[in-house]
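Here the protein sequences line up with chains A and B, keeping their order. Taking the numbering used here, the leading residue of the first sequence gets 281, the next gets one more, and so forth. Taking the numbering used here, the leading residue of the second sequence gets 24, the next gets one more, and so forth.
Since the hints were made in silico from the structure, they are not lab data. Cβ coordinates follow ideal geometry from the N, Cα and C atoms, glycine included. Worth double-checking, as some hints may not be accurate.
[Claimed, not checked] From chain A, some residues computed to sit far from chain B (all C-beta separations above 10 angstroms):
id, residue
1, Arg295
2, Ser394
3, Thr397
4, Val438
5, Ala440
6, Glu444
7, Lys448
8, Asn461
9, Gln506
10, Asp508
11, Ile539
12, Leu564
[Unchecked claim] Just a few of them, taken from the derived set where beta-carbon distance is under 10 angstroms, the chain A residues facing chain B:
id, residue
13, Lys289
14, Met348
15, Asp352
16, Phe354
17, Pro357
18, Tyr361
19, Ala362
20, Pro363
21, Thr377
[Unchecked claim] Just the calculated beta-carbon pair ranges, DEER-fashion:
id, chain 1, residue 1, chain 2, residue 2, range
22, B, Pro300, A, Pro343, 28 to 38 angstroms
23, B, Phe365, A, Arg567, 46 to 56 angstroms
24, B, Gly352, A, Asn359, 26 to 36 angstroms
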Amino acid sequence: MIEIKNLVKTFGSVRAVDDLSITINSGINGLIGENGAGKSTLLRLISDVYQPDSGEIIIDGVPNYKVMAKKDVFFLPDNPYAPHNMAVSQVFEFYSTLFDLDKEKFMAIMDRLSLPTDRKVSTYSKGMRRQLFIAIALSSNAKYALLDEAFDGLDPLVLATVREEIIKDADKKVYIVSSHNISSLERLCDSFILLSKGRVGKNGDVEHLGENFVKYQILVKGALEQKDLEALSYRVLSFKKVGSICNVVFHDKIDESIIRNKMDVILLEKIAIDPDELIALEMLDARKENK
Amino acid sequence: MKRYLRLSIIRKLPLFVVLSVLLLTVAFVSASNVEFEGSDYYYRTVSPASGTGGLIGTFFMIMATLPFFSMNYRYSLGKSDLYRQVAFKEKRIRYGEHLSSLIIVCIAYTIALSIQVATLAVRNYIIAESPDFYLYYGWFIPLYFTCLVVGTGLYFISYLLVSRSNVFINSLLIFCLGYTFFNCINYVVIAYCTRNITEAGFFLQGPSAIGAISYVAQEFEGLICENQLLLPMMKSTEWQYNPAFFACIVEFILLAALGIVAFIIEKDPSSEWAGKPDSDKPYQEILFHAGFGTIGLMIGTIMSGSVFGTIMSLLFYVTYAASYYTLYGLLRRNFKLKGYQFGIIFGNVGLSIIAGFIFMAVTGFEY
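Turn these sequences into a full structure, and let the hints steer you where they fit.
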């Protein structure tokens, strides 16, 4: 269990992590948020790469800066370091000297990803490099694996394979996977932590993500403006016009009959929200609440 | 600690190979080019050589620049992400990185010196057909240990400068700024003793903190060759003949001690500063203004000497001032100086000139 209590980290005048408290128990946790929300900083704080200004991080009852706790954490940054001119197998050996890695598992994952281990890392493409480091992270015997934007730039086939490998491993390990792209975390995470301006905007099971939002397609005679809907005491999170139809996302459920009675409605239809939009809405909501 | 040290040495094996090849080449080439044929007494004074100078110089230069190779984990966020998360205490990482560098260079130096001595002995025996006649091989043992001690001292002097920044290029600039300043301190001592920059030997006698290279090389060259006619040369290592030597030794010991203390007690900056500049701005300012202070002291000290010397020395001061300004500007990526900085420079130089002048007038030391 990772317990984070009143964590604060500032860079100059910017509060990257602002009095953040959360407990991460098990499973695959998606860490989501817009650019600059504090995702990478939080992961670096957990792995003791950064030291907090105040607050504490306790890993299984031990402060995270203690060697005992650090042994249990493997952090994969968005731009991991590979020594120059090393073959892939040598990179693995190099990482093995620093971390407790399972070679058999690494080779199996590399095989699944069809990555050659005898080539030099410098000859790998950006995506292949990313896959290599994901394979290293997955082969780590650490109890907690922190993956920072690890899925960016992966093709759908590789993403599916990586997803399978992580899920296979989830009963033995706790994953915290950060991304600003919700589609890469879709069907992977059990729970999510939404960060906004260094704070936890929302967290919980993935099923609860966006449960407060409803999206409608509305067409009325005459013009419809956002303020018309807000005048009905609805909280409008997003209002977009596509031709003469308006796509509106409301915070909390609405009473359709009120809209029908007050306006000359031609079309009022509830539609699904896609995952990417959902996370964007959650971020928007968190940002508004922060204000 | 042992585990991290072992890992660090394994990781630095390519560096070890490169340095070994470099040192071995210098050792072998210099030992192969020593002249033994000049058997008459006079000839040996003209070309007295054990060929150790090249190897000592190369070893010291490597030691002085080696801290750059031990600070990798501070120069980029990628490396910092890796090294800071490893389950070792922060100090162990630092100690491991630096000690591993020192160990591999010392091993390479030991091998190179052994090869050099062996090559010298073989050539000495074959060519001169009189082993141990010209060269006293017993002196190679104290030479070896002296070089290790002085080399380690140089390493920590450089560490003191290099560790002021988390950006490689800034470390390099502070390194240059620092050695320029340390060099200047010695000239103040010579200026105090000679009062004349035009005097022969002014520049030769006042090497910087890394003057250890020439002093150690000269001293041991004489001892190994045991050539009494080397005495004029050896005078440079006797402080009563060359106060700059004494100043150099004192300066060297103080700076090396300061470097070691900094190494032991200082904490590395938090890794959010990895690869980012300006974590140690005060040191840059201090070095910059201290540099101008020493220039002022030199001017003041020599002003009480000859007029010609004073005029000549101005060129020398301008060169130093330009060096300080250029390095400082490059360091800040901005050559503009603020009003208060001009005030500090002029005030600093002015007061230093007066201080130097008064000091000379009161003490009236004559070299």
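Grab the minimum beta-carbon distance between Glu444 of chain A and chain B and tell me whether it stays above 10 angstroms.
holds, 26 angstroms
Far enough from chain B: is every CB of that chain over 10 angstroms from the CB of Lys448 of chain A?
Given that every Cβ of chain B is farther than 10 angstroms from that of Lys448 of chain A, nearest at about 24 angstroms, it holds.
Take the shortest C-beta to C-beta distance between Pro357 of chain A and chain B; is it under 10 angstroms?
holds, 4 angstroms
Interface exclusion of Ser394 of chain A relative to chain B, criterion Cβ beyond 10 angstroms:
Consistent with the label, Ser394 of chain A stays out of reach of chain B, its closest Cβ about 26 angstroms off (over 10 angstroms).
Assertion that Ile539 of chain A lies farther than 10 angstroms from chain B (Cβ):
holds, 50 angstroms
Under the criterion of a CB-CB separation shorter than 10 angstroms, is Met348 of chain A in contact with chain B as hinted?
Nearest chain B Cβ about 8 angstroms off; hint holds.
Chain B versus Val438 of chain A - minimum CB to CB distance exceeding 10 angstroms, so not interface
holds, 22 angstroms
Holds or violated: Thr377 of chain A as interface residue toward chain B, Cβ cutoff 10 angstroms?
Holds, because the Cβ-Cβ distance from Thr377 of chain A to chain B comes to roughly 4 angstroms (cut-off 10 angstroms).
Report holds if the minimum CB distance from Leu564 of chain A to chain B is greater than 10 angstroms, and violated otherwise.
holds, 29 angstroms
Status of the Pro363 of chain A interface restraint (C-beta, 10 angstroms, chain B)
Because about 7 angstroms separates Pro363 of chain A from the closest Cβ in chain B, which is inside the 10 angstroms limit, the hint holds.
Cβ separation check - Gln506 of chain A to all of chain B, threshold 10 angstroms
At about 41 angstroms from chain B, Gln506 of chain A clears the 10 angstroms cut-off, so the statement holds.
Using 10 angstroms as the Cβ threshold, decide whether Tyr361 of chain A counts as touching chain B.
Hint holds; Tyr361 of chain A Cβ to chain B Cβ min 4 angstroms, cut 10 angstroms.
In the structure shown, no violation is registered for any of the earlier numbered hints.
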